[in-house]
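Chemist: Add chain B to chain A, keeping to what the hints say.
The primary structure of each chain is shown beneath.
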Amino acid sequence: MPMKSYRQAINEALRQEMERDQRVILMGEDVAGGMGAPGEDDAWGGPLGVTKGLMPTFGRDRVLDTPISESAFIGAAAGAAATGLRPVAELMFVDFMGVCFDQIFNQAAKFRYMFGGKAVTPLVIRTMYGAGFRAASQHSQCLYPLFTHVPGLKVALPSNAYEAKGLLIQAIRDDDPVVFFEHKAMYDDEAEVPDEPYTIPFGEANVTREGDDVTIVAFGRMVNVANDAADSLARSGISCTVVDPRTTSPLDRDTILETVEETGRLVVVDEAHPRCNLATDVTAMVTENLFSVLKAAPKQVTAPHSPVPFAAELEDLYIPSAAKIEAAVHEVMSGSGARAA
Amino acid sequence: MSAIQPIVMPKWGLAMQEGMVAVWHVEPGATVTAGQELCDIETSKIANVFESPVDGLLRRVVAAPGETLPVGALLAVVADQATEDAAIDGFIDEFQAAFAVEATAEAQPEPVSIATAAGRIRYLPIGDAAGPPVIFVHGFGGDLYNWQFNQAEVAAHATTYALDLPGHGGSTKDVGDGSLGVLVDAVLAFMDALQIERAHLVGHSMGGRTAIGVAAAAPDRVASLVLLAPGGVGPTVNHDFIDGFIGQSRPKKLRAVLEMLVANPDLVTNEMVDDVIKFKRLDGAVAALEALRDGCLYAPVDDATAVRDRLAKSPCPVHVVWGNEDRVLPANDAEGLPANVHVTRLDGAGHMPHMERAADVNALIERVVRG
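Residue numbers (our numbering), protein chains in the order written: chain A, 1 to 341; chain B, 1 to 371.
Treat the hints as calculated values from the structure; they're not laboratory data. Warning: the hint list may mix true and false statements.
[Claimed, not checked] Derived DEER-like restraints, expressed as beta-carbon distance ranges: (1) Pro201/A to Glu271/B: 12 to 22 Å; (2) Pro2/A to Ala115/B: 15 to 25 Å; (3) Ala130/B to Asp195/A: 31 to 41 Å; (4) Gly35/B to Asp212/A: 15 to 25 Å; (5) Lys253/B to Gly84/A: 35 to 45 Å; (6) Ser232/A to Arg198/B: 48 to 58 Å.
Glycine included, each C-beta is placed from N, C-alpha and C at the ideal position.
Just chain B, same shape as in the assembly:
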C-alpha cells in the first residue's frame, strides 16, 4: 500500500459532477481518522460535511476554500511523517496530470420512458447484475432522483430501476381516482412492461405503502420489502406538510415545508426547492397531487391495523427503516410492528433516511438483496 494517499472530491449522488469546498475543518499537519469531518462541500443539490475516508497525517490541502472541482479531483494528501515533501509534490503533479487526461466525462445514466398498461412511466435503469432486480418507489411529490444517493451504490449488486409514479416526474400525470390501487397497478404494469417476474421493492413513504400493496396483490412477484418511513402503518400524516407541499409556490414558503422532510434543514438547497416548483408547474402535476392526497393519503383503503396484519402475513422478508426525527410520519409508527418485520431506527434522520443516512440504508438494501 502506498504511503501517500489522495483524498478526492466525493461523488454524492448520480447528478453530482462537481463540488465546491466551502470550508476546511482541519489544517495541514493534523492527524485525521476515518470518519472525521474534513471539510464542508456544497453541490448544486446538497451541502454536506465530507468525512475523511482514511486515517493518517494530513500533509497537504490542495483545494482552496471556494474552489469548485470535478468529482475525483484532488482535495488533499495524506502521508506519514517520513514521506518527504518532494515525494508529495511529485505525487500531486502525477495525480493532476493523470486526472486531466481522465477528465473526459463518462456518460451519465439517463432516465427513459416506457408505455405501460398504466400509461407512460419514466424510469432510470442502472446496473445489470443477475438475480431479482431492485425497484425503487418514491414517495408523495418525489421522483426517481430521490434515490440519487442509493441507486448507483445498490446497482453494484443488482439490476436497479427507479421509477416515477403516475402524477410524478416524467410519468403520466393521469392518476385516475388517485387511490392506492392506481399506484399499485402502475408498479405492476411497469414490471409487466419490462418483463420483470419478481423484484425487491424499496419504497419510501407513499411509495412504501404502494410496495405493501404490490406485495399483497401479487405476493409471488415480490422478493422482499424495504420500507422507508412507509405510509399506512400509523394513523396520522402531517397535513401541514402535504397541504403546504401542494399549496406553496413561492420558494421561501415552500422551503419551510420541505425542511419538514429532513432532520438537518441545511440539506434543503435552493435547487431542491426550485426542482419541486418546476415539477409542480408541469401540466397536470398539481391536479395529480391533489387527487392522490384526497384518494390515497387522506382516505386510506385500510386502517393501520389491517396494514400491519398484512405485513405479519408477508411471505417475503420485510424491513422497515425510520428516521427518529421524522416530522411527516411519526417515528413511533415503527413501534409495535409484527415480529417478522425487521425494524431499523436511525438518529440524525427525518423523513428521508435514504438521503440523510444513505450509507446505512444502502448497506441494509445490499444485505437484503444478497439474501
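Isolated chain A (complex conformation):
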C-alpha cells in the first residue's frame, strides 16, 4: 500500500469527496490563496499547504478564499450546510474559534434539534491543534474538550494519515456538524493509505496495542506517544493495551470499559489542559463504572494548567512525553494511590 503523509491523506480525502459529490465545497482563509491578487492562484493551499492543488481542479466556485472573519465564514458555512451544500470550512487554528462560538455552539449544533429533526447540518470544520510547533500560546492549544462538551457536535481526532483520510471522508458524509482536529506537528508523518476512498465509522475505538497489565487511553497525536511508551514498557515486561478512541464525540465507552476490565489499570493521556478535559472525562467514566475492578487509582498524563510556553525548552517539557506515560504506568503498576486492601 502506498505511503502518504497526513497532509496528503487529508488532501486526497477532500479531492475524492469533491469528485464524488458536487455539493462538497471548501472555504477558509487562503485555502487556495491569491484571491484578488493576479498571478498567485493556489499559492498557499492553507497555511500548511493541506488544500494545495484543489482550487485548480475544482475552481473558485468550490474552493473559496474567505475574508479574515471567522464569525462570518463559519456562519456562512453553517447556513450553506443547512440549505443543501456540504461545506468543509478550514479554521486555521482552533485557538481562533472563540470568535465564532455562537455560529458553532448555538446554531450549527442546534439546527437538527431546534427544527424537530427536519434540518440536517452536514458541516465539517477542519482545524489545527496542538503544541510542539514553536507557535506559542495563541496557536498551540488543544481545545477539543470544549467541542466534545456540546451536544449536537461530533469531534474527530485522527492519530495518523490512514485514520485522517477515513475519518475525514466519514465526516464529510455525516449529516451532523463535525469538528475535525488535525495536529499541526503530524502533517509530514507517513502511513500506508489506500488510494481508494474509505470510511472509518465514528464512535469505534482502535486498539493499537494489546496487553494485560495497563490500559492507556490516548487522543490524537498522543496515541503515537502512547504506542512508543507501550513498546518501551513491553521490553521491561509490562504489557499495555493502547486505545485510540478516534472520536471524542461520540465516544466508544464500551471499548474503553472492556479493556480496563481486562487490565484493571488505567492511564489516560491527553495533550489538553488538565481541567475538564478528556482525561478527566474518561477517568470519571471508568471510575464510576469499574470502581470494584480497579487495582490502582487511574493516572492522568496531561499538559499543565498553563498557556503553552513560547520558550522551546518549556514547550517540550509542557507536552506529555513517552517518559511521563511510562512513569505513570509504573505508578499504577506499583499500586500507589490505591487504597490498601
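Modeler: Positioned in the frame of chain A, the structure of chain B alone reads:
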C-alpha cells in the same frame, strides 16, 4: 563446502522485510538437523516456527530473543566441532560487515492496475520466465497478497500474475449481479488486456471455482488447473465464516472468524485482522462481498455433480489440494473426484494450504508448470 554455515533470517512472503526472534528452541552446543525447530519468528504478517535449513552443530546463537532483524541477517552459526572459536568469530565479523554493505534495500515488486473490459483490475507481476504464465486467483474476501508465500517461489520457473478479483483488493468494486460469470469474465478480460493467450490457473476456494469456470468457457486458454480447496465441488459452504467475514467489523470478533481459515489459529495476526477491516472499509467493498455471497456462493450456477463432470471432461491437467482441517469447505469434498483429477490432501492445514503448507503447494505448482 565451507565448514562454517550461517543461519539467516528467512524471507516468508513478499512483504517480509524483517522479523523478530521470539524464542530459541535450541541452545548453542546442540546438534541440529535440517527441519528441526530452531526458533519462533514473528513478523508483522505472521508468526511461525523457523526450521533449520542445515544439519550440524549449533556453535553460536547471534540473534537474541526479542531482537528484530532484517531478512538475511545472521541468526546463528553452524560448524563442526573441529572449527576453532576464533574462526567462528572471524566468520561472524566478516558476515556482519558484508551484510551491512548489502543492506541497501532491493526494490519490492509493486502491484499495478490495468483497465480491462471488466473494469480496473489490480495485479502483481513477478518473474519473466518463458512458457505459459501462472495466474493466481484468490478466494472470497482475499486479495493478491494471499499468495505471498507462493508467488515469488513459483516465479523462479514462470512468469506469474496474482490478481485481485472484482470486489476485492485494489480492483473495481463493481461486481454486477455477483454471479460466477462476472468473475470468470474478469479473469478472461485480464488475460485479454495483458495479451495472455494461455495460462496455468491456480485458484483458491471461490477463485478455484472461478478457474474451473474459465477452463469451461475457454478451454484452449488454460494450460492446467491447480485448485486449492475449490468451491463448487461439494454441496456446502460454512455460512458462519462467510456471514461473519462480511458482518464483523470489530477486531476480536473478526479474528474468531478468520481463525476458521487455518488449522493453527496463531497464524492469524493482528495485522491480518486489521488488513481485512481496512479492506472492508473501502467504498463498495462490503456491498460487493454481499453481492458475491448472494449471487455466487449461496446460489451456485451448477450443483456439485455438474462441476465434477466438468472436471472429468477437462482437456488440461487438474490438481486439487485440500487441507485436512478445512473448516470453510469440508476436506471430504476432495473425495470421489473424477479419476483424471490428481488429489493431494495435507495435514496441518485448514482452508489456506498455500499458507500453512506453502512449500508443498509450491512444489506441486512447480511440477505442473514444468509439465
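Chemist: If a hint holds in the structure, say so; if it doesn't, say that too.
Modeler: Each hint tested on the structure:
| no. | hint | result |
| --- | --- | --- |
| 1 | Pro201/A to Glu271/B: 12 to 22 Å | 20 Å, holds |
| 2 | Pro2/A to Ala115/B: 15 to 25 Å | 19 Å, holds |
| 3 | Ala130/B to Asp195/A: 31 to 41 Å | 33 Å, holds |
| 4 | Gly35/B to Asp212/A: 15 to 25 Å | 34 Å, violated |
| 5 | Lys253/B to Gly84/A: 35 to 45 Å | 39 Å, holds |
| 6 | Ser232/A to Arg198/B: 48 to 58 Å | 55 Å, holds |
The earlier numbered hint that this structure contradicts is number 4, and it is the only one.
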